[in-house]
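Can you build the whole structure from these sequences, using the hints too?
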Amino acid sequence: MAATPLRRQPTTQASPVEAVLVETSEVAAMLSMSTSWVYREASKLGLKGYKLGRGRNAKVLYKRAEIFKWLEQQRVH
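Oh and the sequence shown: position 52 is 52 in my numbering, straight run, nothing missing.
Everything labelled a hint here was simulated from the structure, so no lab data went into it. Just so it is clear, the structure is predicted and the values come from calculations on it, not from any experiment. No false leads were mixed into what you were given.
Straight line, CA to CA, 20 Å or less: simulated EDC-like cross-link-like pairs of lysine to aspartate or glutamate:
id : residue 1 : residue 2
1  : LYS44     : GLU72
2  : LYS51     : GLU26
3  : LYS48     : GLU23
4  : LYS63     : GLU23
5  : LYS51     : GLU23
6  : LYS48     : GLU72
7  : LYS44     : GLU23
8  : LYS69     : GLU26
9  : LYS48     : GLU26
10 : LYS59     : GLU23
Here's what the structure looks like:
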């Protein structure tokens, strides 16, 4: 009888990259804005995106720490 290969259990923890970078849709949700607003305003806000891939299916990721830093700068009280 041949041994069956062990399957890896899916992990629920985020990888180190996922912990640092967030997708445009997540940024939009964090800021309560639309994704098109994030794409249009990110450079004006000082948020630098990192493009992964090419063409229409490319993802733009942002550093989570930069988003929170920008949010802190917007504090009114």
